[in-house]
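**Student:** Now for the letters of each chain:
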Amino acid sequence: MIRELQKNGYLYLLALPGMIFLLIFAYVPMFGHLIAFKKFNIAKGIWGSPWVGFDNFKFFFGGDWLHITINTLYLNAMFIVCGLGTSLLLAIFLNEIRLAFLKRICQSFVFMPYFISWLVVSFMTYAMFNTTGGLINKMLVRAGFEKVSWFSLAEAWPFILTILFVWKTAGYFSIIFLAAITSISSEYYESAKIDGATRIQQIIHITLPLLRPTFIVLLLLQIGRIFYGDFGMIYGIIGDNPILIPTTDVIDTYAYRALRQIGNFSLSGAVVLYQAVMGLVTILIFNWIIRRIDKDSSLF
Amino acid sequence: MKALETLTGWIIYGFVILFTLACFIPFWMILIDSFATEHSLSTQGYQLFPTEFSLDAYKYLFSGKQVFRSYGVTVTVTVIGTALAVLISSAYAYALAHPRVKYRSIMSFLTYFTMIFGTGLVGFYLLIANWLGLKDSIWALILPYLLNPFYTFILVSFYRTIPYELNEAATVEGANDIFIFFKIAWPLAIPAIACNSLFNALHYWNDWWLALLFIDDTKLHPLQIMIRQMISNINAQAYIAGDTSYTAVIPAYGVQLATVCVTIGPILLFYPFIQKYFVKGLTIGAVKG
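Protein sequence lines, in the order shown, are assigned to chains F and W. Residues in the first sequence are numbered from 1 upward in steps of one, following the working numbering. Residues in the second sequence are numbered from 301 upward in steps of one, following the working numbering.
No lab work stands behind these hints, which were simulated from the structure alone. The C-beta atom is built at its ideal place from N, Cα and C for all residues, glycine as well.
Which stretches of chain W does chain F cover? Using the computed rule of at least three CB atoms under 8 Å from a CB of chain F, they are:
(1) 321-328
(2) 414-420
(3) 469-478
(4) 570-578
Label-pair distances were calculated between CB atoms; the ranges are:
(5) Pro246(F) to Glu305(W): 44 to 52 Å
(6) Pro399(W) to Ile136(F): 53 to 61 Å
(7) Trp51(F) to Ala469(W): 57 to 65 Å
(8) Phe570(W) to Gly63(F): 42 to 50 Å
(9) Ile406(W) to Thr182(F): 32 to 40 Å
(10) Glu473(W) to Pro213(F): 37 to 45 Å
(11) Tyr27(F) to Pro399(W): 24 to 32 Å
(12) Ile380(W) to Leu284(F): 33 to 41 Å
(13) Val472(W) to Arg260(F): 55 to 63 Å
(14) Arg292(F) to Ile406(W): 25 to 33 Å
(15) Ala156(F) to Ser363(W): 38 to 46 Å
(16) Pro399(W) to Ile289(F): 29 to 37 Å
(17) Leu466(W) to Phe159(F): 48 to 56 Å
Please take these sequences and the hints and turn them into a complete structure.
**Tutor:** So this is what it looks like as structure tokens:
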């Protein structure tokens with residue numbers, strides 16, 4: 001090791017800031033997981049606080065765990081299915097548009113929502129959905145329907161959140177798919193055309209099969225994070241609205257509230273340790289499955 | 301057969317145009333309504349084509365100190381954060397991609413592991429707030445995002461495409477590795493580094509999680525938290541203006557809209573430029589995994 005350091009010292013010097021960063025900001029905080037097994041007292045610190053074994057987990061598993069786990073998995077599943085589906089469709093359709101200027105305009109606009117923060121999205125959501133001046137309610141009234149008070153309608157929010165997720169990310173993912181489509185050799189399409197294949201047949205028999213690897217990589221990356229909610233998104237849009245919490249509370253927002261609002265570090269610690277372990281297990285399982293199906297697509 | 305082709309065409313164009321409109325309308329609404337009068341906003345709600353225009357919301361917003369302070373915080377965090385992040389991650393990625401570095405696979409694994417096993421909110425909070433004592437400090441907004449493993453791996457795969465012979469030639473000439481990194485690898489990796497900068501800059505500009513966790517002092521509120529305050533906190537006067545003497549009625553709805561516009565303004569102005577590099581960067585990431 002010393003010889004290696006002597007030989008390539010400068011290279012390790014280049015890597016040093018990154019290594020220090022990982023050590024401090026990624027590995028040191030892992031000691032925070034110990035709090036899950038302690039009755040944490042901020043004055044005594046992690047080491048000084050007494051051990052309580054699995055009490056925090058008993059409390060967590062005795063109460064909210066199933067509820068927030070189901071919410072997290074359900075919302076993420078909706079995001080993955082609708083998000084990848086829509087962006088795949090969008091990419092294929094964009095690729096079929098023959099008017100160059102229209103294609104370019106559409107491509108620019110669908111990518112735009114990706115650049116703004118979830119807080120801006122939440123403001124736009126409010127402008128669309130609020131009861132008194134919201135655009136959607138105004139349209140409903142004009143079309144002869146009753147106003148809907150969306151912000152007190154808990155059942156609707158998993159769907160609204162899905163729509164917002166698709167709206168914000170479809171442009172981004174469709175660019176990845178489009179890049180993959182452009183790398184498909186045009187010879188396939190030309191020979192298909194000679195054989196008299198219609199557009200739909202070309203999409204089904206050429207484009208979709210060749211997009212499979214890209215699709216699988218994106219799918220895997222997202223499934224690996226299925227236990228993680230996008231805190232910026234969900235807390236940004238829902239905030240502390242108590243009516244909507246039952247259907248939209250995910251592991252991350254729950255852990256945040258336990259930490260910042262209730263001040264229960266130990267409960268929050270138990271929740272995030274549960275999340276980290278489940279996340280790791282998911283990745284390992286899915287990687288194993290993918291390896292069996294298609295070795296080249298697996299992550300490791 | 302012909303009819304089916306036409307129908308397909310209609311569906312394709314219809315879907316794409318509808319999706320584009322759905323993406324465009326909210327932006328349009330926010331922009332155009334920020335110039336509407338408070339009167340029309342409070343009686344008509346949000347409109348796509350307001351009838352009365354005024355600049356009151358912007359006048360009010362810029363009469364206070366908060367918007368300038370928040371801009372200062374966000375720009376500082378974005379500039380310093382992006383510069384440091386690019387420097388650290390491009391150097392780190394260079395070592396990870398370098399075939400002579402014997403421990404690179406261990407280092408890669410340790411980097412990858414942080415992506416799949418979460419550090420956890422509690423440990424992270426304690427680290428920043430208690431152990432490093434960065435509560436209400438601008439560094440709490442910068443330091444945590446200096447090395448993003450995912451962006452780093454995109455850089456690694458880009459460096460791997462640079463021919464190793466260049467490196468060997470320079471070594472024979474007597475150049476050391478740091479010199480080679482800055483003078484040879486960096487200039488060659490400019491497309492990837494530009495993209496990395498943009499990813500990081502966008503991340504810093506749009507983040508509000510760190511500020512929510514660690515910043516209570518309104519003087520250090522970045523723009524995103526300012527929006528949040530404007531939406532949730534009804535007392536806009538105390539927040540924006542501090543002690544200015546604005547006599548007219550406060551344009552509460554208009555100020556929210558104006559704040560949002562001011563926040564996304566720079567991104568949308570740079571957007572055409574950014575988009576090109578983003579697409580390039582995404583393509584690099586997607587093709588190489």
